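Heads up: the sequence lines are chains X and V, in that order. Take the first sequence: its position 43, counted from the start at 1, is 43 in this note's numbering, and no numbers get skipped. Take the second sequence: its position 135, counted from the start at 1, is 486 in this note's numbering, and no numbers get skipped.
Source of the hints: derived by calculation from the structure; they are not laboratory data. Given the structure is predicted, the values throughout are model-derived calculations rather than measurements. Even for Gly, the Cβ is constructed at its ideal location relative to N, Cα and C. Some hints here could point you the wrong way.
[What the hints assert, rightly or not] Computed footprint of chain X on chain V; a stretch qualifies when at least three of its residues, placed anywhere within it, have a C-beta under 8 Å from a C-beta of chain X:
| # | region |
| --- | --- |
| 1 | 422 to 430 |
| 2 | 446 to 456 |
| 3 | 520 to 531 |
| 4 | 557 to 569 |
The primary structure of each chain is shown beneath.
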Amino acid sequence: MTEYRPVKQPTRNPPRGAARTSAARAPAADARAQRAAGAVTARTRVSDRWHSWLGHHREMAAEALRRFFATPMASAMTALVIAIALALPASLQLGMGNFQRAVAGWDGQPQLSVFLRREARATAVERFTESLRGNAAVAEVTYISPEEALAEFQQTSGLGDAIVDLGANPLPGVLLVRPANVAETELEQLAAQLRESALTDSVVLDMAWVQRLARLTELGQRLSLGFGLLLALGVILVVVNTIRLHIENRRDEILVVKLVGGTDAFVRRPFLYSGLWYGLFGGLLAWLLVAVGVGLLAGPVAGLAASYGSGYALQGPGPAYLLGLGGGAALLGLCGAWVAVARHLRAIEPR
Amino acid sequence: MITFDNVNKRYASGQDALVRVSLEIGRGELVFLTGHSGAGKSTLLKLLTAIERPTRGSILVAGQNIGRLRNGQIPYYRRNLGIVFQNHQLLFDRSVFENVALPLAVAGCSRREVGRRVRAALDKVGLLHKERHNPIVLSGGEQQRIGIARAVVNKPAVLVADEPTGNLDPQLSSEIMQLFADFNAVGVTVLVASHDLELIARMRERVLTLQAGQLIYDGIPAREAAYP
Numbered sequence: 001m002t003e004y005r006p007v008k009q010p011t012r013n014p015p016r017g018a019a020r021t022s023a024a025r026a027p028a029a030d031a032r033a034q035r036a037a038g039a040v041t042a043r044t045r046v047s048d049r050w051h052s053w054l055g056h057h058r059e060m061a062a063e064a065l066r067r068f069f070a071t072p073m074a075s076a077m078t079a080l081v082i083a084i085a086l087a088l089p090a091s092l093q094l095g096m097g098n099f100q101r102a103v104a105g106w107d108g109q110p111q112l113s114v115f116l117r118r119e120a121r122a123t124a125v126e127r128f129t130e131s132l133r134g135n136a137a138v139a140e141v142t143y144i145s146p147e148e149a150l151a152e153f154q155q156t157s158g159l160g161d162a163i164v165d166l167g168a169n170p171l172p173g174v175l176l177v178r179p180a181n182v183a184e185t186e187l188e189q190l191a192a193q194l195r196e197s198a199l200t201d202s203v204v205l206d207m208a209w210v211q212r213l214a215r216l217t218e219l220g221q222r223l224s225l226g227f228g229l230l231l232a233l234g235v236i237l238v239v240v241n242t243i244r245l246h247i248e249n250r251r252d253e254i255l256v257v258k259l260v261g262g263t264d265a266f267v268r269r270p271f272l273y274s275g276l277w278y279g280l281f282g283g284l285l286a287w288l289l290v291a292v293g294v295g296l297l298a299g300p301v302a303g304l305a306a307s308y309g310s311g312y313a314l315q316g317p318g319p320a321y322l323l324g325l326g327g328g329a330a331l332l333g334l335c336g337a338w339v340a341v342a343r344h345l346r347a348i349e350p351r
Numbered sequence: 352m353i354t355f356d357n358v359n360k361r362y363a364s365g366q367d368a369l370v371r372v373s374l375e376i377g378r379g380e381l382v383f384l385t386g387h388s389g390a391g392k393s394t395l396l397k398l399l400t401a402i403e404r405p406t407r408g409s410i411l412v413a414g415q416n417i418g419r420l421r422n423g424q425i426p427y428y429r430r431n432l433g434i435v436f437q438n439h440q441l442l443f444d445r446s447v448f449e450n451v452a453l454p455l456a457v458a459g460c461s462r463r464e465v466g467r468r469v470r471a472a473l474d475k476v477g478l479l480h481k482e483r484h485n486p487i488v489l490s491g492g493e494q495q496r497i498g499i500a501r502a503v504v505n506k507p508a509v510l511v512a513d514e515p516t517g518n519l520d521p522q523l524s525s526e527i528m529q530l531f532a533d534f535n536a537v538g539v540t541v542l543v544a545s546h547d548l549e550l551i552a553r554m555r556e557r558v559l560t561l562q563a564g565q566l567i568y569d570g571i572p573a574r575e576a577a578y579p
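In isolation and in its complexed conformation, chain V is listed as follows (with noise of 0.2 Å):
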């Protein structure tokens, strides 16, 4: 599903932020992306959800090589894609029910599949009853989930995710983390970039981890966590 080949990224100030990065996601797989800050991790999701372009090397999602997308091209293939940000980037000038609703008004849905839909993701995420409140008036952790509501409404065939329990306490953070392992469930391919390593070990499932931009670990770890 996700081919990187070869990928450098180095930045306008010359920084490598990915150093020939290759590794490959198959259809359906829950994968986690691990390193200390600046390692990478950021940079790698960019290049993913072609927010930038990788500087040498090819990135190929369902075939598609993504880093030689026209400007044009980029917005329809985000709408494959969902994304959920560290900071859940929910506009407070709406309601919950409208920041859900976004991704499908972006496609042009008609109304009534959006409001079948944003109710379909807020229930999966359990908010169904918090639709019509402004998102600014919820806790973190609904917040996030909102954010985790928006990205799978337009029901996207690979998930990343960065930080996603960045700002939250570990059991709101294991529930956040089991919505990832459910929508997995279902077939969506999903990709969560963490630094919390005692969360990911718990999942018991396939780890990369990137050190100063490059991928120093690929597998499943033991129960003694077998990278740094």
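So that you can see chain X by itself, here it is in the shape it has in the complex (with noise of 0.2 Å):
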């Protein structure tokens, strides 16, 4: 044990790196080595080394966490904007998914008109009615005689008196199929099979409202994400120059525990830590925000579908939201933390 043992390849984590051997002995130089009896190179077991790497991970986390709190104003203001630019995305997002949900709560079955022609015989009609009930690809079948066209036509245009001038009903009968299956392809078979019958004038797909809705939802979902990432980096960038300043007051440390021995890990690992706990409590403070916000719509928005005779209500950020947002945050605070100390690691390294 008193030979001096030479660097060997190290590997990144310090309870790994003790697997080194004493491979080259420098040779005795005079007299005075010879009863070198301290210069040891200091020897570590390996399991002490994981102990302590686990133990450094534990200490980091707890003193991190002491920092936070040690400048509560300085520390709450960084988490509120983590929070807010969270939220936003977040209250979008959720927003969304509720927007959906009221849709899928309305008939928002695409619907099919049959339009028939009107020498069509009633019991040919009836017949063919029977038959696509019999279809597997209709789910529903209602038929609207002439007769009951006419009678909602004059009921809701107000123009009932010019109809009963024309002499004649002018309206065709119609079928209102509902298909069973809504994908675009499978709507516009079944619309081809319709306009196959004889009996059928024409078709019309009602298509058009359906797809705005896809096209709005997506758009919807295109802005959360965009919003998302930039106000993701926009977590990045704070957190990154809050550990900038950690980092600017603690420089001193750094220096001797490099000077020491100390790796980039750990000198890295305090900081990272702190970046954790930013993200994080930015992170839960988001959460809490969103639903605060939700709280705060939910009596209207009840009101709101109460009105239109609908049960709606607007669904909260659940325990999915909270991991979601808290692990996210967390996840995007240690990135910026590690992006604040490789900075400054960068510039102390030997030229």
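Please dock the two separately framed chains into a single complex, following the hints provided.
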């Protein structure tokens, strides 16, 4: 144990770096070295290193937490900035989910209107309707006779008298077909099938609003994704800047730790935990903001829904959101801290 | 133990800090490095401690080329090195004990081992009774001794000191030098940079003198200093 052990290829983690051999023994230079007893390189057992490594993680996590609460105002402001940045895309996302739920509650199914030829006989129409009911692609068929159509038109259009003056009923019979499958291609197929019938005058596939809704939903989702990415970048930058200040305050310490043989990982650790805490608290605060926002909107939304005779209620951010926001923000904080420390470590590397 | 072979160091500013320096320090030697400020003492120590890399030439420590170490290897190299700074570089946000324990914490020692070694190191510099103090309340000489305790706590094979007596009175300075001699007596290779020529002359040890980046003297000076 008296020889100097040169540095072998180090592994990244200190606990595993213990497996160093004492290969090259420099020959004793002079008599004094012969009785050398004190020049023993610090040797630490692997288990010691492992425990110490875990212990250091625990210590650094606790210390970073202490530092977080040591400057409560500054920390709270940083966390709040992160929270606001994350609450925006999160609430947009939540709003999209709620919107889709609300829309699904409506009669959201597309519908095919089959206008029948005026000369079609009632019995033929009856048979056609029955055959459609047997069709697997059709969920429901409603027949509106020309008389019913006229009555409804007179009621709703306010042009009833003008129609009566026409003498004859100009309206055809209509079959309202609700498809079993709402996929676009299947709808087209069904429409083509319906057109083939001799009774059919024309088929109107009322797809436009369904498509518009789908596009709108997609637009909203892209917007929230874009906002999310942009604001996630913002969160990282906030953490980078905050951790940069931490580093400034602990410049001497970093230098000393590096000079007594601290690895980059060792130097990085406390700052990574700081970033993690900033992110985590920011994320949890963001969840709280969204939850409070939903709470404030729930009353009016329920009132609005009730006025439409719907039992719809806003859905708040659930545990999935809590987990996603907390975990995601912690990860962003970690990234930011990593970037900040990496920049500083690069600056003090030997040239 | 330490070999400099034609080492040049040119800083980015174009200044040549070391010019073709070659020297050899054997295992277990105690060597003083002198020279006016700006002569290259600090640069030589920075190269030895891998804070800077040589522009040309090679530096071997225990057969290992320090200039060629990858950044990831440097920490492990430094763990075999004890470094004492002029301004002692103690951290005032923690106790004396924690300051001295830092190299052990970095290397991943067990808690019991840390306590044992830190107390041994503090005992050697005669400050065991101050382990709970904050270093800021200690005198300059005591702070420097804490710095030395931190440098030796890891039982390094090589001890490097940069102006360790820079701000101390003669009495304290010679105490500090005696500490280095004591560590040397148990086999540690010691390199001390100092401009305190009087003190060095009294130690009667090997002296290296740098001037304008060049090694101009290497030997054990006679009673009358034969070097500038």
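Going down the list of hints, with the structure as the test:
Residues of the region 422 to 430 of chain V with a Cβ under 8 Å from some Cβ of chain X number 9, which satisfies the need for three, so the listed coverage holds. Under the rule that three or more residues need a Cβ within less than 8 Å of chain X, the assignment of the region 446 to 456 of chain V holds, with 4 such residues. For the region 520 to 531 of chain V, the proposed coverage by chain X is not satisfied: 0 residues have a C-beta within less than 8 Å of a C-beta in that chain, short of the threshold of three. Residues of the region 557 to 569 of chain V with a Cβ under 8 Å from some Cβ of chain X number 0, which does not satisfy the need for three, so the listed coverage is violated.
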